[in-house]
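A.B. asks: Model the full assembly from the supplied sequences, consistent with the hints where possible.
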Amino acid sequence: MSEPILKLEGVCTNIAQYHILQGVDLAVSAGGVTMLLGRNGVGKTTTLRTIMGLWRAHAGRVLFDGQDIAVLSTPAIARTGIGFVPEDMGIFSDLTVEENMVLAAASGPLDPARLDWIFAAFPPIRTFWKQPAGNLSGGQKQMLSIARAMAEERRLYLIDEPTKGLAPAIVATMAGALRDLKAQGASILMVEQNFGVAKLLGDTCAVMDDGRTIWAGEMRELAEDAALQERLMGLNMENA
Amino acid sequence: MLTRLLSGDGPRSLPLALILLAIFLCLALAPFLFPGTRSVDTAARICVFILLVASYDLTLGYAGIVSFAHTMFFGMGAYGVALASTHLGRGFDALVLGTLAGALAAAVFALLIGLFSLRVRAIFFAMITLAVASAVAVLVSQLSGLTGGEDGLNYQIPRALTAAQKYLDEPVLGVRINGKLLNYYLVFAASTALFLVLLRIVNSPFGRVLQAIRENDFRAEAIGYRVVYYRTIATCVSAVAAALAGSLYAIWLRYVGPDTTLSFEIMVDILLMVVIGGMGTMYGAVIGATLFILAQNYLQGLMGAAAAGLEGVPLLPGLLDPDRWLLWLGVLFVLSVYFFPTGIAGRLRGE
Amino acid sequence: MSAPDHTPTMARTGIWQRLEPHLPLILVPLLAGLGLVAIPSPTSWLTLTVSGLAMGMMIFIMASGMTLVFGLMDVINFGHGAFISVGAFVGISILLALGSMTGTPSLWLNLAAVLLAILGAALATAALGLAFEKVIVEPVYGAHLKQILVTMGGLIIVEQLILVLWGPDEIFFTRPEALKGAVTFAGAAIEKYRLVAVGFGLALFLAMRWILRSTKIGLIVRAGVENGEMVEALGYRLRLVFVGVFVAGSALAGLGGVMWGLYQEVITAHMGADLMVLIFIVVIIGGLGSVEGCFIGALLVGLMQNYIAFLQPKLALISNIGLMVAILMWRPQGMMPVVKAK
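Protein chains in written order, with numbering that gives the first Met the number 0: chain A, 0 to 239; chain B, 0 to 350; chain C, 0 to 341.
If you are wondering where the hints come from, they were derived from the structure by calculation, not from laboratory data. Don't take each hint at face value.
Mimicking DSBU-like on lysine-lysine, the simulated pairs with C-alpha atoms at most 35 Å apart in a straight line are [as the list claims (entries may be wrong)]:
| id | chain 1 | residue 1 | chain 2 | residue 2 |
| --- | --- | --- | --- | --- |
| 1 | C | K215 | A | K163 |
| 2 | A | K6 | C | K145 |
| 3 | A | K181 | C | K133 |
| 4 | C | K145 | C | K133 |
| 5 | C | K215 | A | K129 |
C.D. replies: Following this line, the structure appears as structure tokens:
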């Protein structure tokens, strides 16, 4: 595996008086997909938000391509080439789908070739191009949120639970699009509760518990070891 | 005994205690220490404003909501007494009835505004109270048939409270013992008693809940306290206390008008007093009101002298003109909010 | 990979759901219609309606910046009125200095003078807005109580400084020659200046709408009102955008101040603070953060104020409080509530 493009070293984050992250270490290799797993409330979302600078790390380093980005502001972090799909999707519902996409291309006009690729992956984006994004269904909003992250060439994608609350058919579309993205050579750090999707897409994975990473390794290794799953996440994810 | 009177919430600082004691003694003995109409008048004004500012501190400092309608409640008490005295004739029954009516009106208005605006967002409250209070002030100055308009109302209070009534033939310590003196002590005693009641309220379980809400309203709501309910009650209590202060003021002055009770300038004065004195301390109201009114009465003369001394220098005389003293208070106000959010009282307590 | 087989939600929204958010639009003609019924003479009604619209346009200009600042950064600026007063004093001083241009009855010379005055006022209040944002507002982000207190303190200071610089008395003046007098239309006398104010206000509203709808900056502002965090996560520096909006809003307030001064033909240091009452009502009933709601709210308040002032002069201001109460009963978040992500 190649040199990691993103590396977290001992990251700690406090929200108000609560110590949410208490030493997170993980690495995302260039061109690879890393899955961030763990039970609810162990700090996965906080980890992504800390990387984006939406929460401030008070200890540890966030190295993106060798540069410590923990000291940068959120817009500056975004402009180093990181696309972010937040847990709540962060859709601007007052804006049209088109306006959401235009805004997502922060460095210039939308590239038509890229747009065709997005339309192919997520047909509803084309169908509802001129509609207010607030009128989209939950699955369509999730597609728009990921499409926004894809609107420009990014060096890293942070994707928080892209299949949460979606119907199985839409999960399949989503997984297909993400596999497409992966095939293009994108580096992705993804939080995922659906173990099937995680197994399908992940190259490596990190498991968190209680604000710390407790295990890191090959995705395949975790997927094949039911006892390890049981030990790390407290439940057997046989539903794949 | 003293601790119980102060509801267990003493000054907790020697300098603060000494200053408060000095203010208390000066006010208690004002007619004897500082004889003369003007100084006794100033003392009465200080008493009334201590109560008024303390009642404002209940909403601002303890409940953490900003109201711009406090002068409206103050005015309701004052106009209650004035209207009752005008229409029912001179008498104690008019004073009592007017005071009660004013307090009731204030409570009802506060309840309505509170339920209406606090339900949505606390920030609405500041804007809506400002709008309502301005509208009421305009209305009062326009309904001249009822309220005397801009000129206000002059009326008579019972003879027992005026200088015409003599209680002793001989002056005591050079002070004539007459109805005016009784009137002063009525204002003093009522203000002191009501101040102690407010102190009791903020130290009651109710007051503790208010402070919990101020610190974190989401958490308070999550624990199960009805935030809107507590805030509205606090507003009502504060409004009633302000109305009572207004009634006392009206009894003392024997005159009410928009400029003495309703104007936005007085609202600004109250804000300055509570912030400079110290929000959320109650004692800050005592210090703020005393300092402010003394400054208002005596500092302006000093500024006038300074301005006259700088005649010929460009701009400076304008800045030091006694009419511009609000400018300096405004600067002081902004600086206090930034750097001494607990005001003088908080500073003295070493917070 | 199969195409998504779920039904689009669009088909399910009925006509009512689509119309409902736009319902406030009909309130303005509705109120005007009510006015026509209540006011006995149609010519008086026409005069009052035009002056109500003119007043509404001016209030909109003054209020728009404030509502956007609130929507974008959750900052409530009680000192907004200071910009109105400063704008009026700077603008009217310029106008008085250009006496040779305003004294002649040439429309173009007059309009040029007014334009210069407005530009000067907008520049002055933009600069003041920048200073105000840095000194007064920035240190108290995220703390509403302190914001209210500190911006109120700022208002007091600026008002007093006006008194120091321009003296304690109100300034009376007359409008430029070509803007004096009235035109007669359908038997009703309509002051020329009010027509100018309506035209100018409408142009500004349309320009603002165009900026918000059709430029990238406008997109960023609208998106920022809804979810500032996400705008930052897309790489935009919202803080800069906010300062820009604050400065633009201050400039608009100053511009509105000049227009209001020309309308009243008298300016005082506390005119801004007085106008804040109407501005708050407009901003609240429009929905905090909504420019369109602010526009409709301003027109409603302007019409209401003029109709009631004609029918029952003493109740003019109270009637607007009544309007606010009625609208908040109907929609507690204002007519066009802004969707907030959190």
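A.B. asks: It remains to establish, for every hint, whether it holds in the given structure.
C.D. replies: Going down the list of hints, with the structure as the test:
Taken as a hint, the K215 of chain C and K163 of chain A pair is honoured in the structure, with Cα atoms around 31 Å apart against an allowance of 35 Å. Among the hinted pairs, K6 of chain A with K145 of chain C is inconsistent with the structure: their alpha-carbon atoms are about 40 Å apart, more than 35 Å. For a cut-off of 35 Å, the pair hint linking K181 of chain A to K133 of chain C is broken: about 45 Å separates their Cα positions. Our distance criterion of 35 Å between C-alpha atoms is met by K145 of chain C and K133 of chain C, whose separation comes to about 15 Å.
With a CA separation close to 16 Å, the supplied pair K215 of chain C and K129 of chain A stays within the 35 Å bound.
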